[in-house]
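Number of protein chains: 2
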Amino acid sequence: MNTDTLYSIIRRKKSFLCVGLDSDIKKIPQHLLSVERPVYEFNKQIIDATAPYCIACKPNLAFYESRGLEGWRDFELTTNYIKQNYPDIFLIADAKRGDIGNTSKMYASAFFENLNYDAVTVAPYMGEDSVKPFLEFKNKFVILLALTSNPSAENFQYFTSKLNKPLFIDVIEKSLNWGNSENMMYVIGATKVSMLVKIRELIPDHFLLVPGVGAQGGSLKDIAEYGLNNKCGLIVNASRSIIFSDSTNDFANAAAKAAKDLQSDMEKILAAFELI
Amino acid sequence: MNTDTLYSIIRRKKSFLCVGLDSDIKKIPQHLLSVERPVYEFNKQIIDATAPYCIACKPNLAFYESRGLEGWRDFELTTNYIKQNYPDIFLIADAKRGDIGNTSKMYASAFFENLNYDAVTVAPYMGEDSVKPFLEFKNKFVILLALTSNPSAENFQYFTSKLNKPLFIDVIEKSLNWGNSENMMYVIGATKVSMLVKIRELIPDHFLLVPGVGAQGGSLKDIAEYGLNNKCGLIVNASRSIIFSDSTNDFANAAAKAAKDLQSDMEKILAAFELI
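Protein chains in written order, with the working numbering: chain A, 1 to 276; chain B, 277 to 552.
What the hints contain is simulated information worked out from the structure, not anything from laboratory work.
A couple of the hints might just be wrong.
As the list claims (entries may be wrong) - With a straight-line cut-off of 25 Å between C-alpha atoms, the simulated DSS-like cross-links for lysine-lysine are:
#, chain 1, residue 1, chain 2, residue 2
1, B, 302, A, 132
2, A, 162, B, 441
3, A, 27, B, 359
4, B, 290, B, 359
5, A, 162, A, 14
6, B, 441, A, 174
7, B, 381, A, 26
8, A, 26, B, 408
9, A, 26, B, 414
10, A, 165, B, 450
11, A, 105, B, 302
12, B, 438, A, 174
13, A, 174, A, 221
14, A, 132, B, 303
15, B, 474, A, 162
16, B, 438, A, 162
17, B, 303, A, 105
18, B, 438, A, 198
19, A, 138, B, 302
20, B, 381, A, 162
21, A, 165, B, 438
22, A, 165, B, 441
23, B, 408, A, 27
As the list claims (entries may be wrong) - Examples of chain A residues lying across from chain B (beta carbon under 7 Å, computed):
#, residue
24, 4
25, 62
26, 156
For every residue, glycine included, the Cβ atom is placed at its ideal position computed from N, Cα and C.
All chains should be built: construct the whole structure from the sequences, respecting the hints.
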């Protein structure tokens, strides 16, 4: 998928919501444990319920890898289910991979070639040659970690140079030489809104993937005010606050309602900023 | 495994060699493609051939993930084969994971609980709460990326503070507050030997996992001179230069010879430094 298509989906659905599939088998409704593939069944129902309100979907690899082969099977089945039934959902593998060149090439192949993901989250610590192999695929995106939503993000992302530049700004600046807004996006945590003005000066055109709304406490209004660009340029993710909003037989309806509430707020924001 | 056991294995085998299982299905001997599980068969033969000469083994996740379910199955089979047949091999998952706390907890569970790995490589960019969940397992190790062997490691790992401190030093210093030499090790690339003196001042007791010997050009002699501590404190990895040293029916013997050559050099080094 390219950004033109993504923008047209955003306008049509009046949403920039990403649903995070952090599908922890210990947290899914207990009645699902009696079916053959509980996590896959949970994901299917969550996707069917929330697809009208979201433009992206983001399985978090850790929650699948933690169950080994069975988890990986659920991950592949979920991926295929979304690809087949919802071609207008931008599909993000939240994997936070990154390694030396020949190894990153293998990760890129795993997610872009074999599984046909639209985007993969990538960690920047190892530098350009760890990211480049992901950039060699047309209409695919690296979503580079810049400023993450967790409390200890500050340990190193705010590590500051002689010229008073924090590391996360250096990550953005250097990586601008590796790709462009058609193959790169950036993770900017919703809990770090105060930095958005400076970030938008550097990357006015790039999409930002913004986690941290909901369970982690970030504010959608603040993100929109400082993070929107002249086309939208935001993908805001919510995971636990949507998928685990109810643990009864009614969980899918509850997830739909949580997603619809966010979509409704997003629609108002997009209208207020004259983007739809 | 704890460090006492690891040191006793190093002394017994007169080696600090780690064999990296970067088992790319495109690079394994072609005659293996006719068997049912070529990569698993390749790994078994490589392990059987090199086990007398190595103290650690390091499957690289990317090479398994890139083949999806089948690859993950080979990864699990290989893991179990080593655990069952070679309990004296220190088993490292080269995964370079790291995410917000609740997600890192899932990765830690995947590698330490389900697969019983002794160590996992972890990327530091997201800071303390992304690493801590891995440190809550007794006799298990985080191997934190500090200074990696790839050329563009310098992009961010040498990013320098007002006080002239590079980021990788800050990663080491801060992480010393998170764990100790019984649950943390550090990745220090063999291509960055000039930094080893400074690194050993900061972490005299920690094990260093040193990739980059062989295909990447690092020198074993230099690593030993500046990286050994008073017990050894080094795990030196070679991957491609061992496992792909021959592509005929004789590949396992060739791998054994390549591993034995390195072990022999290591034995001389350990003797010269009076560590055996």
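Checked hints:
no. : hint             : in the structure
1   : 302/B with 132/A : holds (21 Å)
2   : 162/A with 441/B : holds (10 Å)
3   : 27/A with 359/B  : violated (31 Å)
4   : 290/B with 359/B : holds (21 Å)
5   : 162/A with 14/A  : violated (44 Å)
6   : 441/B with 174/A : holds (19 Å)
7   : 381/B with 26/A  : holds (13 Å)
8   : 26/A with 408/B  : holds (21 Å)
9   : 26/A with 414/B  : holds (23 Å)
10  : 165/A with 450/B : holds (19 Å)
11  : 105/A with 302/B : holds (13 Å)
12  : 438/B with 174/A : holds (19 Å)
13  : 174/A with 221/A : violated (30 Å)
14  : 132/A with 303/B : holds (22 Å)
15  : 474/B with 162/A : holds (21 Å)
16  : 438/B with 162/A : holds (4 Å)
17  : 303/B with 105/A : holds (14 Å)
18  : 438/B with 198/A : holds (21 Å)
19  : 138/A with 302/B : holds (23 Å)
20  : 381/B with 162/A : violated (35 Å)
21  : 165/A with 438/B : holds (10 Å)
22  : 165/A with 441/B : holds (14 Å)
23  : 408/B with 27/A  : holds (22 Å)
24  : 4                : violated (30 Å)
25  : 62               : holds (4 Å)
26  : 156              : holds (6 Å)
Violation of the numbered hints given earlier is confined to hints 3, 5, 13, 20 and 24; the remaining hints are satisfied by the structure.
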